[in-house]
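Protein chains in written order, with my numbering: chain A, 1 to 58; chain B, 1 to 159.
One or more hints might be untrue.
Here are the computed distance ranges between Cβ atoms for each label pair [said to hold, decoys possible]:
no.: 1; chain 1: B; residue 1: T93; chain 2: A; residue 2: L36; range: 38 to 48 Å
no.: 2; chain 1: A; residue 1: S24; chain 2: B; residue 2: A40; range: 22 to 32 Å
no.: 3; chain 1: B; residue 1: G121; chain 2: A; residue 2: A50; range: 49 to 59 Å
no.: 4; chain 1: B; residue 1: R61; chain 2: A; residue 2: R58; range: 25 to 35 Å
no.: 5; chain 1: A; residue 1: Y54; chain 2: B; residue 2: G121; range: 46 to 56 Å
Bear in mind the hints are in silico, worked out from the structure with no lab data behind them.
Please read all numbers here as calculations on a predicted model, not as lab measurements.
Every residue, glycine too, gets a C-beta built ideally from N, C-alpha and C.
Residues per chain are reported as follows:
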Amino acid sequence: MHLSHLQVMLLFAGIISLAFGFLSRRRVKDQLKSALWSFVLFLVVGVAIAWLIYPFSR
Amino acid sequence: MSEQEKLQALEEPAEKAADVPQRTAALPETEANWPAPNTARAAAFAIAGWLVPGLGHAFLRMWGRAVICFMTVGLLCFAGAKMRGNIFASDSTDPFATLGFMADLGAGAFYPLSKIVETHGPDVSHADGDYGTRLLATAGVLNLLFALHAYEAARGRKA
C-alpha cells in the first residue's frame with residue numbers, strides 16, 4: 001500500500017485524534033468536538049514544523 | 001447563631017444526602033452500573049483490553065469507547081502491515097528492536113494478525129515501510145493506553 005507523506009499524516013492524525021477525543025471526554029458531542037479540534041491542531045502543527053525544518057533540509 | 005439555627009445547619013447535610021439515590025439514578029447508565037472499586041477485577045479488565053483491543057471497555061459497558069479502541073488499533077495495525085512496516089520479534093539483541101517488540105506487542109491479538117497480513121515481509125528501505133513501522137508501534141502503545149484507561153475506569157477513577 002503506497003501512501004504519500006501527506007496521506008500518512010492525515011491517516012495518523014485522524015486515527016489518533018479519534019482515539020484521544022473519545023478517551024478524554026464523556027458526552028458524544030464533546031468527544032467529536034475534541035477529536036476534530038485535535039485533528040486540526042495535528043495538521044497545523046505538522047505543517048508548521050515541516051516549514052520550520054525546510055531550510056535545513058536543503 | 002441560636003441553638004435552633006445550629007440544629008438546622010446540622011440537619012442540612014442529612015437532607016442533602018437523601019437526594020443522593022435520585023442523583024445516582026439520573027447519571028448516565030455507565031456510571032450507575034459501575035461496580036465497587038476492585039483492583040483484581042480492574043487488572044483483569046485491563047489485561048482483557050490489552051489482549052483484545054476494546055474488550056476491557058466492553059466489560060465496563062462503555063460500548064462507544066470499546067468500538068473506537070478496536071477500530072483505531074486495528075486500523076493502525078492493518079495500515080502498518082500493509083505498508084510493510086517492521087514487526088519486531090522477541091529474539092533480538094538490539095535494545096531498540098526489543099523496545100520496538102514491546103511496543104508492537106501492546107497491540108495484543110493484532111500483533112500475530114499483523115504478521116499474517118504482511119505477506120511480503122518488511123521493507124524499511126522505502127518511506128512506506130518506515131511509516132508502517134511507526135504505525136505498528138503506535139497501535140501497540142495506543143492499546144496500552146486504552147487498557148490503562150479501562151483499569152482506571154474499573155477502579156472508578158475515570159469516566
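Hints and how they fare:
1. B/T93 x A/L36: 38 to 48 Å: holds (44 Å)
2. A/S24 x B/A40: 22 to 32 Å: Cβ of A/S24 to Cβ of B/A40: about 27 Å, so the range 22 to 32 Å holds.
3. B/G121 x A/A50: 49 to 59 Å: violated (31 Å)
4. B/R61 x A/R58: 25 to 35 Å: The hinted range 25 to 35 Å is violated for B/R61 and A/R58, with Cβ atoms some 55 Å apart.
5. A/Y54 x B/G121: 46 to 56 Å: Taking Cβ atoms as reference, A/Y54 and B/G121 lie about 34 Å apart, which means the hint is violated.
Hint compliance for this structure: hints 3, 4, 5 are not met, and every other hint is.
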